[in-house]
Amino acid sequence: MVTVFGISLPALMGQLLIGLINGSFYAMLSLGLAVIFGMLRVINFAHGAQYMLGAFFAWFLLRYAGIGFWPALVLAPLGVALVGVVIEKVLLSRIYNLDHLYGLLLTFGLALVIEGLFRHWYGTSGQPYSIPSTFQGAFNLGFMILPKYRAFVIVASVIVCLTTWLLIEKTKFGAYLRAATENPTLVQAFGVNVPRLLTLTYAIGAGLAGLAGVLAAPVYQVSPLMGQNIVIIVFAVVVIGGMGSIMGAVVTGYVLGLVEGLTKVFYPEASSTVIFVIMVLVLLVRPAGLFGKE
Amino acid sequence: MTEPLLQVKGLQAWYGESHVLHGVDLQVHRGETVTLLGRNGAGKTTTLKSIMGVLRKRQGEIRLNGKDLMGLPLHQIAYAGLGFVPEERGIFSGLSVHENLMLPPKVADGGFTLDEIYHLFPNLAERRNSQGTKLSGGEQQMLAIARILRTGANILLLDEPTEGLAPVIVQRIGDVIRALKAKGMTILLVEQNFRFARKVADRFYVMEDGHMIDTFTADELEGRMDSLNETLGL
Numbered sequence: 001m002v003t004v005f006g007i008s009l010p011a012l013m014g015q016l017l018i019g020l021i022n023g024s025f026y027a028m029l030s031l032g033l034a035v036i037f038g039m040l041r042v043i044n045f046a047h048g049a050q051y052m053l054g055a056f057f058a059w060f061l062l063r064y065a066g067i068g069f070w071p072a073l074v075l076a077p078l079g080v081a082l083v084g085v086v087i088e089k090v091l092l093s094r095i096y097n098l099d100h101l102y103g104l105l106l107t108f109g110l111a112l113v114i115e116g117l118f119r120h121w122y123g124t125s126g127q128p129y130s131i132p133s134t135f136q137g138a139f140n141l142g143f144m145i146l147p148k149y150r151a152f153v154i155v156a157s158v159i160v161c162l163t164t165w166l167l168i169e170k171t172k173f174g175a176y177l178r179a180a181t182e183n184p185t186l187v188q189a190f191g192v193n194v195p196r197l198l199t200l201t202y203a204i205g206a207g208l209a210g211l212a213g214v215l216a217a218p219v220y221q222v223s224p225l226m227g228q229n230i231v232i233i234v235f236a237v238v239v240i241g242g243m244g245s246i247m248g249a250v251v252t253g254y255v256l257g258l259v260e261g262l263t264k265v266f267y268p269e270a271s272s273t274v275i276f277v278i279m280v281l282v283l284l285v286r287p288a289g290l291f292g293k294e
Numbered sequence: 001m002t003e004p005l006l007q008v009k010g011l012q013a014w015y016g017e018s019h020v021l022h023g024v025d026l027q028v029h030r031g032e033t034v035t036l037l038g039r040n041g042a043g044k045t046t047t048l049k050s051i052m053g054v055l056r057k058r059q060g061e062i063r064l065n066g067k068d069l070m071g072l073p074l075h076q077i078a079y080a081g082l083g084f085v086p087e088e089r090g091i092f093s094g095l096s097v098h099e100n101l102m103l104p105p106k107v108a109d110g111g112f113t114l115d116e117i118y119h120l121f122p123n124l125a126e127r128r129n130s131q132g133t134k135l136s137g138g139e140q141q142m143l144a145i146a147r148i149l150r151t152g153a154n155i156l157l158l159d160e161p162t163e164g165l166a167p168v169i170v171q172r173i174g175d176v177i178r179a180l181k182a183k184g185m186t187i188l189l190v191e192q193n194f195r196f197a198r199k200v201a202d203r204f205y206v207m208e209d210g211h212m213i214d215t216f217t218a219d220e221l222e223g224r225m226d227s228l229n230e231t232l233g234l
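As they're listed, the protein sequences go chains A and B. Heads up: the first sequence at position 221 corresponds to 221 in the UniProt record's numbering, and the numbers run straight through without jumps. Heads up: the second sequence at position 21 corresponds to 21 in the UniProt record's numbering, and the numbers run straight through without jumps.
With the rest of the complex left out, here is chain B:
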């Protein structure tokens, strides 16, 4: 197998004095969509934030394309090629849709053009001059994803993109992720909505209490359903 695009080894993280990740290992290969599953509080979002460097109190090894990210200041991690879409979406109320979209600097060549983005998200084109936070929850999620696509990041970290959204919007987000996969985008997804995750992911990791307890491919999913039922309470 080729060298993984993202390699995490022995990742530990803390919120203040509270030790929340206990040696997490994971790999994401180029073009893969990998999903972190787990109950609330299992450490999925913390894993994503630690990889991105938003959570600074962390130890272990994080490599992107072989480059060590641990010692880098936060603003340089984006330039290594990580694109972050936070759980709370992070749409800026003081900026229009267009300004939100144009805010993240381009970190590499090859990002989506504005035309491609507006083609993929026609709602955003219609509302480009609206205030970012005046959009619906689904549109805000689209904007949060679209904003990162422009930057040329080579791996997307998506934190609970379907949280709190209506089923029809969840389906639309699924279509978008499949379109990104078809374009060869690499995605690391944190998701509680198992029914959504199983439709888009190539591989899964299961987390519990800050540990990785299982990993399997989409083809192996059926054989894992009993243990998943138990772990995730499906």
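One chain only, chain A, in its complex shape:
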């Protein structure tokens, strides 16, 4: 059997695959966080709760309306985006003039409320959500078995990240976003409805979290705790990438997923802390993050 540093190739590739899957979710979630922070200057601690809502909305659609994975992939993120609109309009829009800390505290409280409610209603054990029939089974690549759905998640996350990047870098809407990040008053003086832009941005960020949640539902279980578990890692990813940097969020998300996977192979004891160790090192050497502006 082929081995790499004493580890069998299938085992190594298997862990790298898990790392890449996790990295796909880190990238999608940190992308939403970066978009929201870049424009609203709000550290959206409710992002994990919105990811969990996406998974639950997909589960609700299936269980109560018989609506399957593919329509849910569109409907659930839209539902989460709508929740985002309400949160932005009712709560966040009132605190833009205050210190960033208030946004963090408000969204943190909101996450506790949303997750608490779902824990109260559905417990912590998690609900199953099956893999869509199209993606049942696996590809045999010779050196490893690649489950079809996991391959789909990786491809889908790359498409989501690329589409979001194109939206921000190559469209008029993206130009408004980038300009309003620097000088919202001037952009508004040009005739752009910046308050609406803020609402839309938060809705897009929340929708991205919701989309990640739907994609995660068949991989992990649909559980009220799923957001809590991932959001801390995602925040570390965003800090390492550079707060507000789209490119930083995406690249760091994938790379750290792979690093975490490799750590599981070579030094499993450190696999749950490696990302935070990297965060500390990056903060010491480059406080603005790897892709952030100093």
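Calculated from the structure, these hints are not laboratory results. Each residue gets a CB set at the ideal place from its N, CA and C atoms; glycine is no exception. Any given hint could be a false lead.
Not the full set, but computed from the structure, chain A residues with beta-carbon under 8 Å of chain B [stated by the list, open to error]:
hint	residue
1	R178
2	T181
3	E182
4	N183
5	T185
6	L186
7	A189
8	F190
9	G191
10	N193
11	V194
12	V280
Got chain A sorted already, so can you dock chain B onto it with the hints?
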């Protein structure tokens, strides 16, 4: 005389608790270039920002083409026809020259086409893919003015367009303003550089301590030089 394009009456404005404009009146007629003169801190920029709505704590009457602007949210004021070029130019570092140019939405028909803009500002055409803030100060000023010309705004509010620029660039900005005047553009200019202002303006207002203390036409300028020397410290 015809109805003014821009009519400001009894404009008062505050920065926080500080009362900085005390009942400013001014009028700008279609096709005119009007300059606000005054020393540092006289309230010229504040007047411009209050008219544009960037400074929200204000009272009085501001009408453009007879339309009341006071109650409008900031983004709707641009659609009434005001085009704002701020003192700090407001070039976005994350956007290319071309993206900066295309950023403000068109608020009315009749703005300059991209070809006309690049003809008027050939430097911008050459550097269209450069990052906006990589331009020289003069080029950034050109870009700030060009950006508003595209929108179809019917009056330009220019805040200190020559500030910090080399004489040769100041002359170029003067040429641009004269070209805009020749096209019938209406301009309200705030300027400390009196020698520049006297070459381009049709009419002047003089401000001191948040009040308008004098107004006169370009033809009356010579007769006002003594009082201007005293007020502006020329």
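Now the hints, each set against the structure:
no.: 1; hint: R178; verdict: holds, 4 Å
no.: 2; hint: T181; verdict: holds, 7 Å
no.: 3; hint: E182; verdict: holds, 5 Å
no.: 4; hint: N183; verdict: holds, 6 Å
no.: 5; hint: T185; verdict: holds, 6 Å
no.: 6; hint: L186; verdict: holds, 4 Å
no.: 7; hint: A189; verdict: holds, 5 Å
no.: 8; hint: F190; verdict: holds, 4 Å
no.: 9; hint: G191; verdict: holds, 3 Å
no.: 10; hint: N193; verdict: holds, 5 Å
no.: 11; hint: V194; verdict: holds, 7 Å
no.: 12; hint: V280; verdict: violated, 29 Å
Checked against the numbered hints above, the structure violates only hint 12.
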